[in-house]
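Chains A and B, in that order, are what the protein sequence lines are.
Under our numbering, the first residue of the first sequence is numbered 235, with each subsequent residue one higher.
Under our numbering, the first residue of the second sequence is numbered 4, with each subsequent residue one higher.
Careful, some of the hints might be misleading.
To be verified - Derived lysine-lysine pairs resembling DSS-like cross-links, with alpha carbons at most 30 Å apart: (1) A:Lys397 x A:Lys243; (2) B:Lys71 x A:Lys243; (3) B:Lys71 x A:Lys290; (4) A:Lys381 x B:Lys71; (5) A:Lys263 x A:Lys290; (6) A:Lys325 x B:Lys74; (7) A:Lys290 x A:Lys303; (8) A:Lys243 x A:Lys303; (9) B:Lys29 x A:Lys325; (10) B:Lys29 x A:Lys253; (11) A:Lys367 x A:Lys290; (12) A:Lys397 x B:Lys74; (13) A:Lys243 x A:Lys322; (14) A:Lys253 x A:Lys300; (15) B:Lys74 x A:Lys243; (16) B:Lys29 x A:Lys406.
Read the hints as simulated data drawn from the structure, not as lab findings.
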Amino acid sequence: MIDEITLVKQLQNVQTKEKAFGVLISRYKERLYWHIRKIVISHDDADDVLQNTFIKVFRGIDNFKKESKLYSWMYRIATNESITFINKRAKEKNTDISEIKQELISCLQSDEWFTGDEIQLILQEAIARLPKKQQLVFNMKYFDNMKYNEISDILKTSVGGLKSSYFHAVKKIEHYIKTKTD
Amino acid sequence: MKENSNNTNKLTNSILPVETGFVVAKDYFDSIEDSLSLNLIEESLPNNEGFTVPENYFNTIDDRIILKGRKTSKGKLINLKKPFKFLIPVAASITVFLFAGIYFSSTEMTEISREEATLWLDTNSNSISEDEIIAIYEDINFNDVDLFEDVINEKNLEMYININDAYLLLQDISINETN
Numbered sequence: 235m236i237d238e239i240t241l242v243k244q245l246q247n248v249q250t251k252e253k254a255f256g257v258l259i260s261r262y263k264e265r266l267y268w269h270i271r272k273i274v275i276s277h278d279d280a281d282d283v284l285q286n287t288f289i290k291v292f293r294g295i296d297n298f299k300k301e302s303k304l305y306s307w308m309y310r311i312a313t314n315e316s317i318t319f320i321n322k323r324a325k326e327k328n329t330d331i332s333e334i335k336q337e338l339i340s341c342l343q344s345d346e347w348f349t350g351d352e353i354q355l356i357l358q359e360a361i362a363r364l365p366k367k368q369q370l371v372f373n374m375k376y377f378d379n380m381k382y383n384e385i386s387d388i389l390k391t392s393v394g395g396l397k398s399s400y401f402h403a404v405k406k407i408e409h410y411i412k413t414k415t416d
Numbered sequence: 004m005k006e007n008s009n010n011t012n013k014l015t016n017s018i019l020p021v022e023t024g025f026v027v028a029k030d031y032f033d034s035i036e037d038s039l040s041l042n043l044i045e046e047s048l049p050n051n052e053g054f055t056v057p058e059n060y061f062n063t064i065d066d067r068i069i070l071k072g073r074k075t076s077k078g079k080l081i082n083l084k085k086p087f088k089f090l091i092p093v094a095a096s097i098t099v100f101l102f103a104g105i106y107f108s109s110t111e112m113t114e115i116s117r118e119e120a121t122l123w124l125d126t127n128s129n130s131i132s133e134d135e136i137i138a139i140y141e142d143i144n145f146n147d148v149d150l151f152e153d154v155i156n157e158k159n160l161e162m163y164i165n166i167n168d169a170y171l172l173l174q175d176i177s178i179n180e181t182n
């Protein structure tokens, strides 16, 4: 498996770019997909956003300055694409983002690509009710098992700030689940 | 025996340090309660989201992405000439009207941010008709102005496509063709 530095060099070389792009997709598609999916909820939407993310990566790789890790950079693009997608959906329906997320969650029960039980559904409802930053931090820390310094590199937030966000997110989720299950 | 034990104690106390040398982070004991509380909550939560994907999805997505990348990079050409023909003078004149109106109507000079001007253009550009523009610029024949060749270079075109969703672009084109 080629290392990241070599992969970036190949991506920034016209002659090896397309082949290296194939390697990049193969290596990161699942991680990026699940990150996107947690934000946009629907599989079809996640599929669109994932493709757009990789296209943006392909187009922007020549400008990648290696100030952060390649994966952090891609993750950031995926996050922005997902948020832009949700914002656009809200604008089209002339509503706000939190309402759109609630709407997406309310469709989950009948979604063929959701096989979660009642508690998993309630958890998704709870996450959808969090402020955007807390949603991201919670998903990345809890489900993706990312370390705080990795999340910090992606979201450009201090580790202390992330710990605080995560703490508040978990407390709110706990409170919401208790109110729904009591 | 007892004397030996006492001698051993004296020896170890003189050689071995009293402190362990272990240290903890500054606020460790203040934060430990919160950490434990979080751990307990996490234990009670489901450890996956319940999302699934169609069978073979991850086996087929690579080719679809590469195909899409090739299509967009080769620029499946969409003729944007007609919509662009009036877009640039519309944008320019609206910007001029906006700034002129604000300059003459207020006693204080207030600066309009780029974002405000862009937002105004986004939401109001469709309300300005071609006839209105033509009425203002009586001596310019827009049919003679080949804006696409002069103004829209490849970089601007690519930027425009990147900013705007392809589906919405196609909608705009079909609306303009109908009009």
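For each hint, the structure was consulted:
no. : hint                : result
1   : A:Lys397 x A:Lys243 : violated, 35 Å
2   : B:Lys71 x A:Lys243  : holds, 23 Å
3   : B:Lys71 x A:Lys290  : holds, 11 Å
4   : A:Lys381 x B:Lys71  : violated, 33 Å
5   : A:Lys263 x A:Lys290 : holds, 14 Å
6   : A:Lys325 x B:Lys74  : holds, 28 Å
7   : A:Lys290 x A:Lys303 : holds, 17 Å
8   : A:Lys243 x A:Lys303 : holds, 13 Å
9   : B:Lys29 x A:Lys325  : violated, 47 Å
10  : B:Lys29 x A:Lys253  : violated, 49 Å
11  : A:Lys367 x A:Lys290 : holds, 23 Å
12  : A:Lys397 x B:Lys74  : violated, 43 Å
13  : A:Lys243 x A:Lys322 : violated, 34 Å
14  : A:Lys253 x A:Lys300 : holds, 20 Å
15  : B:Lys74 x A:Lys243  : holds, 24 Å
16  : B:Lys29 x A:Lys406  : holds, 27 Å
When each numbered hint is compared with the structure, violations occur for hints 1, 4, 9, 10, 12 and 13.
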